[in-house]
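Each protein sequence line maps, in turn, to chains L and X.
All letters in the first sequence, in the order written, are residues 129 to 546 by the working numbering.
All letters in the second sequence, in the order written, are residues 2 to 273 by the working numbering.
One or more of the hints may lead you astray.
Said to hold, decoys possible - Over the 12 angstroms line for every Cβ pair with chain L, so calculated as not near, a few chain X residues:
#, residue
1, Ser22
2, Gly26
3, Glu116
4, Ala180
5, Glu199
6, Lys228
Said to hold, decoys possible - Taking lysine-lysine pairs in the DSBU-like style, the calculated list, with each CA pair at most 30 angstroms apart, reads:
#, chain 1, residue 1, chain 2, residue 2
7, X, Lys171, X, Lys32
8, X, Lys12, X, Lys141
9, L, Lys409, X, Lys136
10, X, Lys171, X, Lys136
11, X, Lys12, X, Lys32
12, L, Lys409, X, Lys12
13, X, Lys171, X, Lys141
14, X, Lys228, X, Lys12
15, L, Lys409, X, Lys228
What the hints assert, rightly or not - Partial selection, computed: residues in chain L whose CB lies under 7 angstroms from chain X:
#, residue
16, Ala347
17, Arg351
18, Arg407
19, Gly419
20, Ala421
21, Ala423
22, Ala427
23, Arg432
24, Leu528
25, Thr531
26, Arg538
27, Ser539
Since the hints were derived computationally from the structure, they do not count as laboratory data.
Just so it is clear, CB atoms sit at the ideal spot from N, CA and C, and this is done for glycine as well.
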Amino acid sequence: MKTTQAPSAPVLTIDRQDERLRTSSGIRGAVDSFLDRVRSGDLGVLPVIAGLAIIWTVLQILNPKFLSSSNLVNLAMECAAVGVIALGIVCVLLLGQIDLSVGSVSGLSAAVVTVTFVNQGWPVWLAVGGAVLMGVVIGWFYGQVFNRFGVPAFVITLAGLLGFLGLQLYVLGPIGSINIPFDSPLVYFAQLAFVPAWLSYILVVLAAAALFLTDLRHARARRTAGLSSRPLPSMALRTAGLLLAAGAIVWYLNQARGVGWMFVFFLALVLALNYALTRTKWGRSMFAVGGNAEAARRAGINVRAVYTSAFVACTTLAAVGGILAASRLAAANQGSGGGDVNLNAIAAAVIGGTSLFGGRGSAFAALLGIIVIQSISSGLTLLSLDSSFRFMVTGAVLLLAVTLDSVSRRSRSSHGRA
Amino acid sequence: MSSHTTMAPTKEAILSLTGISKSFGAVAALKDIDLEVAPGEVVAVVGDNGAGKSTLVKVLSGVHSPDAGSITFESRPETIPTPMAALNLGIATVFQDLALCDNLNVINNLFLGRELSRYRLNEVEMETRSWELLKQLSAKIPSLHTPIASLSGGQRQTVAIARSLLGNPKVIILDEPTAALGVAQTAEVLNLVERLRERGLGVIMISHNMADVQAVADRVAVLRLGKNNGTFRVADVTTEEVIAAITGASDNVVSRRSASRLPAPPTQESAS
Ligand SMILES: Nc1ncnc2c1ncn2[C@@H]1O[C@H](COP(=O)(O)OP(=O)(O)OP(=O)(O)O)[C@@H](O)[C@H]1O
Ligand SMILES: [Mg+2]
């Protein structure tokens, strides 16, 4: 785009030489290409942001406490556990598969952690490590059954849902409920550990600086290779946007207790998965297998390993989510991971924009989706409406999201964007 | 057809098949197929629809494993159980159905399975190499960042051909590479095939276009109903003879059509 700065004698970069390509520069160009994408059905995170704005407005009108700092602090903390599980769901949905057992696996993991840590007196790292390892093994097992016998993931994980729920009840024993002591590091992390205000601002500045530097380095590499690159003002704008938005959110949360470390942990997992999906060979293989498994196989990708890796990622993240949930509740019981955990995790991934048809989605879908779901839940709780309303509203939002996915998919195929 | 003579290539073969058979249920798609290709040689494989050409390609590229027969690559007996095994040997394939991922963009499709730097993808390097590669093929693709789904049939075919060139293969198999291509792009692919021959690669090209076969192939192997039906040196054979081998008779629908176009009085068959 720097080429259009000298309109008299444009030196076209090698990726801008086709005369059919509309070259528009600066903010105008960015807006144009954004509108093009939206029109062709490539909606990205737009619907979920819009939906979130509507939900927040309505809930704020119904109850002015909804957008208060203290409520949002809580909302963020409530997002972490199921959000982590939803991250795993994103992995399997990218392959066009599903895992219905994440709730049971998270409940089993909660049971294992409390039994080993509280009853057996294992050190906390060992108890947590053991539960996470169990998550890895379960995913690996799913992968083997899926690859060797070709059983649909829907059925394997339905069996897992029942089987691991049974195992959870067995592990918990006849009492069926184990409390985690309040002075344990687990409960401290999930309930009381907040980022100090000064550190939270430093983290925001560091994040913005990191964004700017990676943008800058990327643009420089592209320019030396003779490719078009993001102009400096656009990079500065992006960085400033992140700095202001994140700074404002952190400031607002700091008016109450601040940003919980558990939420920061969730954010870190989102960023890590985003990196893995977009910047590594594994991530490319995930999208390729989700888009066309046979083509991926013929390109020499080990498709079975990719399937196994996705199942392992999903059940491992489910186990981690289960530990977070138990820590937050300071207990594991027969209801851990039950109820709506499963459905909320899947709904969050889908509402956030992960396609059920495979091959499209991102780690940020889990973040945005879980914020939508927890907002509904928190808002309705503030209105002292019980779970019946929560289920109905969440169901309606999910239906809306899936319909949008299907419609935009149709629009994409008519605009040739698959 | 009387000439079942198997013409051996002049140099020692880099890839040779003997007695390859493959059945799908009751359908014997390939029966006792022999084929050889030498370095620096272009072998065309021709045959009617359903003759088994694509099945042969899939056996060579590790998509299907043969029921019987042996494969020799660089004088070593090999089995090709997976597509990865074929790629590792140095056999690259452009499939008839192209085998591209519609949801990925052009660059990601080109480098699919062999991305540069595993843990920190080098997107800049991949993009510049994609542009170089596509320029060689005179590809007319406006932007490499659009998903493959938004490309035309010929553009996709160009991408599939470009992809086969990436891993420095020793043998390239092209299953109807010019079927969807424009005039310039077809010429470019034929030039490419000649360049590959000059670089000493073995090329197996499947085509229904006799003019293309005549233009670039050294030998032509005919498949008919899943069996070898003759191998000819292109310099010594006429198009009519090849077509006769493809259809299994010298009095065939193709020669009848061309006879009926002549101003000469129509024959009995074409009049009916
Ligand atoms: N996966 C499969 N399952 C069952 N039968 C198959 C399969 N693939 C090919 N066949 C059969 O094998 C025979 C040969 O098919 P093949 O695709 O090799 O033909 P071809 O020579 O490539 O034809 P075309 O010129 O139309 O591409 C056909 O009768 C086809 O029906
Ligand atoms: Mg074919």
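Structure versus earlier hints, numbers of those that do not hold, lowest first: Hint check: 3, 8, 12, 15, 16, 17, 20, 23, 24, 25, 26, 27 fail, others pass.
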